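With chain A's structure known, arrange chain B on it following the hints.
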Amino acid sequence: MEKSDLKVKVLGTWSSPFVMRARIALNMKSVNYEFLQERLWEGKSERLLKSNPVHKKVPVLIHGDKLICESLIIVEYIDEVWPSAPSILHSDPNERAIARFWAAYLDDKWFPSMRSIGFARGEDEKKAAIAEFEKGLVLLEKAFGNCRKGKPFFGGDQIGYLDIAFGCFLGWLRVTETTSGIKLLSEAKTPALINWAHRFCSDAAVKDVMPDTEKLAEFAKMIASKRRGEAPPKS
Amino acid sequence: MAEEVKVFGTWGSPFSRRVELALKIKGVKYEYIEEDVYGNKSPLLLKYNPVHKKVPVFLHNGKPIAESLVIVEYIEETWKGNPILPEDPYEKAMARFWAKFVDEKCLPALWKAGSSPENERAKAVEEACECLKTLESALNGKRFFGGDTVGLVDIAANFIGYWLRLFQEAAGHDLLSAEKFPALFKWSDEFSSCSVVKDSLPPKDKLLAYFKAHIAGTKAAETNASN
Numbered sequence: 126m127e128k129s130d131l132k133v134k135v136l137g138t139w140s141s142p143f144v145m146r147a148r149i150a151l152n153m154k155s156v157n158y159e160f161l162q163e164r165l166w167e168g169k170s171e172r173l174l175k176s177n178p179v180h181k182k183v184p185v186l187i188h189g190d191k192l193i194c195e196s197l198i199i200v201e202y203i204d205e206v207w208p209s210a211p212s213i214l215h216s217d218p219n220e221r222a223i224a225r226f227w228a229a230y231l232d233d234k235w236f237p238s239m240r241s242i243g244f245a246r247g248e249d250e251k252k253a254a255i256a257e258f259e260k261g262l263v264l265l266e267k268a269f270g271n272c273r274k275g276k277p278f279f280g281g282d283q284i285g286y287l288d289i290a291f292g293c294f295l296g297w298l299r300v301t302e303t304t305s306g307i308k309l310l311s312e313a314k315t316p317a318l319i320n321w322a323h324r325f326c327s328d329a330a331v332k333d334v335m336p337d338t339e340k341l342a343e344f345a346k347m348i349a350s351k352r353r354g355e356a357p358p359k360s
Numbered sequence: 318m319a320e321e322v323k324v325f326g327t328w329g330s331p332f333s334r335r336v337e338l339a340l341k342i343k344g345v346k347y348e349y350i351e352e353d354v355y356g357n358k359s360p361l362l363l364k365y366n367p368v369h370k371k372v373p374v375f376l377h378n379g380k381p382i383a384e385s386l387v388i389v390e391y392i393e394e395t396w397k398g399n400p401i402l403p404e405d406p407y408e409k410a411m412a413r414f415w416a417k418f419v420d421e422k423c424l425p426a427l428w429k430a431g432s433s434p435e436n437e438r439a440k441a442v443e444e445a446c447e448c449l450k451t452l453e454s455a456l457n458g459k460r461f462f463g464g465d466t467v468g469l470v471d472i473a474a475n476f477i478g479y480w481l482r483l484f485q486e487a488a489g490h491d492l493l494s495a496e497k498f499p500a501l502f503k504w505s506d507e508f509s510s511c512s513v514v515k516d517s518l519p520p521k522d523k524l525l526a527y528f529k530a531h532i533a534g535t536k537a538a539e540t541n542a543s544n
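Same order as they appear, the protein sequences are chains A and B. Residue numbers for the first sequence follow the numbering used here, so the first one is 126 and each next one is one higher. Residue numbers for the second sequence follow the numbering used here, so the first one is 318 and each next one is one higher.
Please note that the accuracy of each hint is not assured.
The calculated lysine-lysine pairs, modelled on BS3-like cross-linking and capped at a C-alpha distance of 30 Å, are [to be verified]:
#1 LYS260(A) with LYS371(B)
#2 LYS417(B) with LYS182(A)
#3 LYS380(B) with LYS274(A)
#4 LYS175(A) with LYS429(B)
Just so you know, the hints here were simulated from the structure itself, not pulled from any lab data. Because the structure is a prediction, the values reported are computed rather than measured.
Only chain A is shown next, with the shape it has when bound in the complex (with noise of 0.2 Å):
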């Protein structure tokens, strides 16, 4: 059998953006899979702890048998077992470096620094989360000038690598706009990431797994109700 004729799952939750980054490669490549959804707020379940064993999180790619850990190495691994167009990754070895550069940027600094934002105390907390996460969006929207090469995003005339890492964040940065009351992504402030915000968004392969703000919103304060260990609302 093909390898790319196996059966091929994805364990997630609607909510990650970690998962989403998967989900959007598998849909950009037309390949079906089944969404085997974990509750983690009630808990990791023996499926999870069993097939990721070193990390025990989302998501997980169940491709046959094998099972693949880590959003950007299943990304690669999409790409890799489906290379039919659209590719994800860029064919130049110097355009996918960059492209993983932003994208280990994105994850090892950038993020937390937007969690950051959330988690902050107090206002002086507050603003100073906002400044870092805000230089961040500045080095962004200079390196999404300097990778589009005048296309409509990081990969060019269509979604790549880097879109996915970096879009699969507008859920999160939305709510976060929402509950702190700051526009982070503005026009004044970043005019060409903005754009490609809705662009990404409308995406055929993103729209229909990028959650709804609103959601995602209601689902941050029954985690962060947990978190302080109130008794959840009654949905």
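Showing chain B alone in chain A's frame:
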């Protein structure tokens, strides 16, 4: 065509040595520029890596790349001989998974175990041992993580293959020992003595002295903080 291949690094950094090791495996000639990362980062380094301002930076025909594992993958894709990654997509994904595990979990845990204050030491050591145990399982009876030859995971784990034994000597503990992790210990011997690796390792005495000074510095800061 004269190719420009440059590595901006620092002698003791496992991260810049990863890049040099990948180039040596591929037989690629390069110019090495030593950076004074503690004293005085060069204008070129700051120009080529404005985001992180760190070594290593790799320059290929005028185009800079930063982040050691990103650079190593670039080297793999640019020079095709002596592959560092397997061809099979699943095996490749597994190699990337373990390389990431080394960087994100093992190295921070090992560093913490060696430089934690006394009261946090035991917990830090336990976490570091968990990481080493997990990493050891990835060896699975092979000579190298890459199989018969040094591959991406071996390169990523270079700190564990060579630096760690000197670090633990300076810190006065014994995280990686033949008793506790026989397969990983054996691998570290194989790694640091294999011909393509041993010529690109920092000198033992200099590295040990560096670690001793660093740990003494950390201890002094601890003492001062508690006085």
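Pairwise hint evaluation, LYS371(B) against LYS260(A), where the allowed Cα distance is 30 Å at most: holds (18 Å)
Agreement of LYS175(A) and LYS429(B) with the hint, judged by alpha carbon distance not exceeding 30 Å: holds (28 Å)
Hinted pair LYS380(B) and LYS274(A), Cα distance within 30 Å: holds (16 Å)
Hint consistency between LYS417(B) and LYS182(A) [alpha-carbon to alpha-carbon, up to 30 Å]: Since the Cα atoms of LYS417(B) and LYS182(A) sit roughly 14 Å apart, the hinted pair holds (cutoff 30 Å).
Every hint from the earlier list agrees with this structure, and none is contradicted.
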